[in-house]
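Chemist: Start from the sequences, fold in the hints, and give me the full structure.
Protein chains in written order, with the working numbering: chain Z, 8 to 448; chain P, 473 to 821; chain S, 375 to 453.
Hints listed in this document are in silico derivations from the structure and should not be mistaken for laboratory results. Ideal placement from N, C-alpha and C gives every residue a C-beta, glycine not left out. Worth double-checking, as some hints may not be accurate.
Pairs of lysine to any residue residues, derived as SDA-like cross-links and limited to a Cα-Cα distance of at most 25 Å, are as follows [what the hints assert, rightly or not]:
id, chain 1, residue 1, chain 2, residue 2
1, P, 574, P, 606
2, P, 773, P, 732
3, P, 692, S, 441
4, Z, 161, Z, 46
5, Z, 273, P, 654
6, P, 669, Z, 369
7, P, 600, Z, 358
Here are some chain S residues pointing at chain P (derived, C-beta under 7 Å) [said to hold, decoys possible]:
id, residue
8, 383
9, 411
10, 435
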Amino acid sequence: MKLELGNFYVKDITFGEKTSYSNGLLTINKEEALNVVKEDEHITVADLFIVKPGDNVRLVPVKEAIEPRARAEGGPVFPGVTGDLMQSGNGRTLALKDCSVLVVGKHWGGFQDGLIDMSGEGAKYTYYSQLKNIVLVADTDEEFEKREQQKKNKALRWAGMRLAEYIGSCVKDLEPEEIETFELEPITKRSDSINNLPSVVLVLQPQSQMEELGYNDLIYGWDSNRMLPTFMHPNEVLDGAIISGSFMPCSSKWATYDFQNFPMIKRLYEEHGKTLNFLGIIMSNLNVALDQKERAALLVAQMAKSLGADSAIVAEEGYGNPDADFIACIVALEDAGVKTIGLTNECTGRDGASQPLVTLDSKADAIVSCGDVSQLIELPPMETVLGELESLGRDGFAGGWAGDEILGPSVREDGSIIMENNSMFCGDQIVGWSTKTVKEF
Amino acid sequence: MKKAILYINQFFGQIGGEEKADFPPEIREGLVGPAMELQKRLEGDVEITHTIICGDNYIGSNTDKAIETILGFLEDKEFDIFFAGPAFRAGRYGSACGHIGKAVKDKFNVPVISSMNEENPGVEMFHKDLYIFKGGASAAAMRKDIRGMSDFAKKILNGEEFLSADEEGYYGRGIRRQVWLKTPVAAADRVIDMLLKKIQGEPFQTELPIPEKDMVPIAKPIKDLSKAKIAIVTSGGIVPVDNPDRIQSASATRWGKYNVANMDRLESGVFKTIHAGFDPAAANADPNVIVPLDAMRAYEKEGKIGKVHDYFYSTVGTGTTQGEAARMGREIVADLKEKNVDGVILVST
Amino acid sequence: MVKEIEKAGIPIVQMANLVPVAKTVGSNKIVPTISIPYPLGDPSTSKDEQWKLRYHRVGVALEALTTDVKEQTVFKVKI
Numbered sequence: 008m009k010l011e012l013g014n015f016y017v018k019d020i021t022f023g024e025k026t027s028y029s030n031g032l033l034t035i036n037k038e039e040a041l042n043v044v045k046e047d048e049h050i051t052v053a054d055l056f057i058v059k060p061g062d063n064v065r066l067v068p069v070k071e072a073i074e075p076r077a078r079a080e081g082g083p084v085f086p087g088v089t090g091d092l093m094q095s096g097n098g099r100t101l102a103l104k105d106c107s108v109l110v111v112g113k114h115w116g117g118f119q120d121g122l123i124d125m126s127g128e129g130a131k132y133t134y135y136s137q138l139k140n141i142v143l144v145a146d147t148d149e150e151f152e153k154r155e156q157q158k159k160n161k162a163l164r165w166a167g168m169r170l171a172e173y174i175g176s177c178v179k180d181l182e183p184e185e186i187e188t189f190e191l192e193p194i195t196k197r198s199d200s201i202n203n204l205p206s207v208v209l210v211l212q213p214q215s216q217m218e219e220l221g222y223n224d225l226i227y228g229w230d231s232n233r234m235l236p237t238f239m240h241p242n243e244v245l246d247g248a249i250i251s252g253s254f255m256p257c258s259s260k261w262a263t264y265d266f267q268n269f270p271m272i273k274r275l276y277e278e279h280g281k282t283l284n285f286l287g288i289i290m291s292n293l294n295v296a297l298d299q300k301e302r303a304a305l306l307v308a309q310m311a312k313s314l315g316a317d318s319a320i321v322a323e324e325g326y327g328n329p330d331a332d333f334i335a336c337i338v339a340l341e342d343a344g345v346k347t348i349g350l351t352n353e354c355t356g357r358d359g360a361s362q363p364l365v366t367l368d369s370k371a372d373a374i375v376s377c378g379d380v381s382q383l384i385e386l387p388p389m390e391t392v393l394g395e396l397e398s399l400g401r402d403g404f405a406g407g408w409a410g411d412e413i414l415g416p417s418v419r420e421d422g423s424i425i426m427e428n429n430s431m432f433c434g435d436q437i438v439g440w441s442t443k444t445v446k447e448f
Numbered sequence: 473m474k475k476a477i478l479y480i481n482q483f484f485g486q487i488g489g490e491e492k493a494d495f496p497p498e499i500r501e502g503l504v505g506p507a508m509e510l511q512k513r514l515e516g517d518v519e520i521t522h523t524i525i526c527g528d529n530y531i532g533s534n535t536d537k538a539i540e541t542i543l544g545f546l547e548d549k550e551f552d553i554f555f556a557g558p559a560f561r562a563g564r565y566g567s568a569c570g571h572i573g574k575a576v577k578d579k580f581n582v583p584v585i586s587s588m589n590e591e592n593p594g595v596e597m598f599h600k601d602l603y604i605f606k607g608g609a610s611a612a613a614m615r616k617d618i619r620g621m622s623d624f625a626k627k628i629l630n631g632e633e634f635l636s637a638d639e640e641g642y643y644g645r646g647i648r649r650q651v652w653l654k655t656p657v658a659a660a661d662r663v664i665d666m667l668l669k670k671i672q673g674e675p676f677q678t679e680l681p682i683p684e685k686d687m688v689p690i691a692k693p694i695k696d697l698s699k700a701k702i703a704i705v706t707s708g709g710i711v712p713v714d715n716p717d718r719i720q721s722a723s724a725t726r727w728g729k730y731n732v733a734n735m736d737r738l739e740s741g742v743f744k745t746i747h748a749g750f751d752p753a754a755a756n757a758d759p760n761v762i763v764p765l766d767a768m769r770a771y772e773k774e775g776k777i778g779k780v781h782d783y784f785y786s787t788v789g790t791g792t793t794q795g796e797a798a799r800m801g802r803e804i805v806a807d808l809k810e811k812n813v814d815g816v817i818l819v820s821t
Numbered sequence: 375m376v377k378e379i380e381k382a383g384i385p386i387v388q389m390a391n392l393v394p395v396a397k398t399v400g401s402n403k404i405v406p407t408i409s410i411p412y413p414l415g416d417p418s419t420s421k422d423e424q425w426k427l428r429y430h431r432v433g434v435a436l437e438a439l440t441t442d443v444k445e446q447t448v449f450k451v452k453i
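Modeler: In structure tokens:
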């Protein structure tokens, strides 16, 4: 399987006559773009904004981030979600780099939504403050979940994907500025020089805990709650086979943009053929019941063993209950003789003294920790808020609150805020970007 | 000028050796023994106003009294920071520094700094309560150990940012916090580095050391269940629909107890769950799936158990700190004891 | 919370789906439940089945309170 990512490096974004890309300048016809957004009649109000690093702007409630892309040979960017099913990870996909489409609720947020500051102290808490962003701020008529803490955010997330496809389509007939090639030989057809290197599988545990459909990450449009671990090619993940869900507290979330750019996968590609033999991805999941967790761990270990993996990396999109899946999977792999590294974040509580993962096992002796969801963050007001600042305190954000005996409300009258890292948009960057760790004090 | 007070034992207080270990607490103005070296190191930033001296055996056999006396000494003193030791490998001295240090910190809420050798039992007992610097085995390390304590004291008092326990040189207090790596290395790079080392059998450093399990003694079993009063406790967030105690749906700091004396089961629409960590549909439709009052009543009618306690207790488990959970646990225990509850079924979600 | 209650000398049994979590936090007596959102009754089964399961497992938990154990124990359930 060979994927060519044809990159266009966006240096600036502006609204204009024709949606087009030229020499680093991305121009968007706002009306046309909004028409694409409004193709879904559930979208009641929508507007577009451009925000750049350094802007005095706060975004909340942020629901999703997507990289604008197009398939050179045609077809949906997200097979099984925005169009028919087709094999992803093969052929050429064109990508507008250094920018993302951010989806922000005009009013209503929830447990799973996050916050982004484009400048100031808050900017360091999220990856998206360094990108040029096309921000869709919209509302919907999904009355059934307006006041629910857990929201599917379906209309908004799908609008974001349509918008990303629409914007991406402007480079469809252009020659990319750079081509990144991702190719792995079939496992049984590799050269001796590669076969003699230690082999590794990447085990991903995307968010799939909600038994009701509509909240979980989708794999080729299929709800990941309804699957057993399966083997995937890394190119499929990089090329739109997975979209992010709408459930996990936000700093632990892997946005669709994160899947499209998955730094851990790219890093393994760099090592492939040099120090490691990258076998591929075991796509596992996160579950609510113990037998489901055990079943998934059994299958992951079996697959790793059958593939002849010497080592594995396990990454979880979540904390709390998912830690049990994470640790179970690491233990099963270690028991099968597969040397395993864990990639996660922690929840140490407001006092920092609580057990960092809900399950622990001495076999999980090699963990890279990307952040602590319970860290308190206090930030000054920002000039502009896109979305609705009150949502952070009002709507049951994982890291926000209406009132607290000691800390007061999350959102203060002057527009300054206090929150847990928990609600920083994809803040812990467990996909591999994080330069944070957790240390003992 | 900031002010400090130092605690030392009879030996370093120049009272005497073992024969004077019963020396009762005394506070002196100014500098005694190690206080001089400490003052030299703190020069310009901090003034050590008093030295407290106490015999190791005295505090060992009269711990509460010694603490009370010393806290009494401090009541009318002004100080911004408190030191104890260094205690090197002296076990009784280390334990004394820990007891006094913890009491001072709890009462006056000032930073407390000590220093002990890793083999000093005081480390195991008090490393979660105070900053205990990694110290030498004997008084030969005095200057070095005092330097560690004083450098950190200056950092605290000047409001400088501290590094992690390992980097500063004290025993970790069990408090984990996120930090940005000074030289940024992406998590993906750290994974590859650790993976290659693990594969090659080279030493590597996990970023999340697994702590040892902390077990409590198993309570004596109930002898006669048919006379026992049993209570249900849950972390599943079952509350009356209006959530009268405003228990938070995550990171809870509150709990509630709800009277079920006249109920055979928990009815939907009367009780619900406010837990944010799972799909609430099933528990809202039938709260007995989390608080099994109906089954408990059946056993009560059969005479298998004496009585179902008139109240059940509820909070939310997700994201709650162990400290908060322990506090709520203690509050619930107090109530259980007062009501003579003999056993507890805790249903977690 | 379990530990605080046990520390006070009150026998306690934890009914939990995530047995590894209960073990990690130091519960001494554990009775498994069927899931996190509905520990004692699967809504996709009949009311009668849910009742039987709940009655059985609560019974196991009550027995556990009377059982003298020397170490962390997970009690077996039949349904």
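Chemist: Determine for every hint whether it applies to the structure shown.
Modeler: A quick look at each hint next to the structure:
1. P:574 - P:606: holds, 18 Å
2. P:773 - P:732: holds, 15 Å
3. P:692 - S:441: Given that 25 Å is the threshold and the Cα spacing comes to 9 Å, the pair holds.
4. Z:161 - Z:46: holds, 14 Å
5. Z:273 - P:654: Satisfied, since the Cα-Cα distance of roughly 24 Å is no more than 25 Å.
6. P:669 - Z:369: holds, 18 Å
7. P:600 - Z:358: Holds, because 12 Å separates the two Cα atoms, which is no more than 25 Å.
8. 383: Cβ of residue 383 of chain S sits 5 Å from chain P, so the hint holds.
9. 411: This interface hint holds because 4 Å falls under the 7 Å limit.
10. 435: For residue 435 of chain S, the interface hint holds, since the closest Cβ of chain P sits about 5 Å away, which is under 7 Å.
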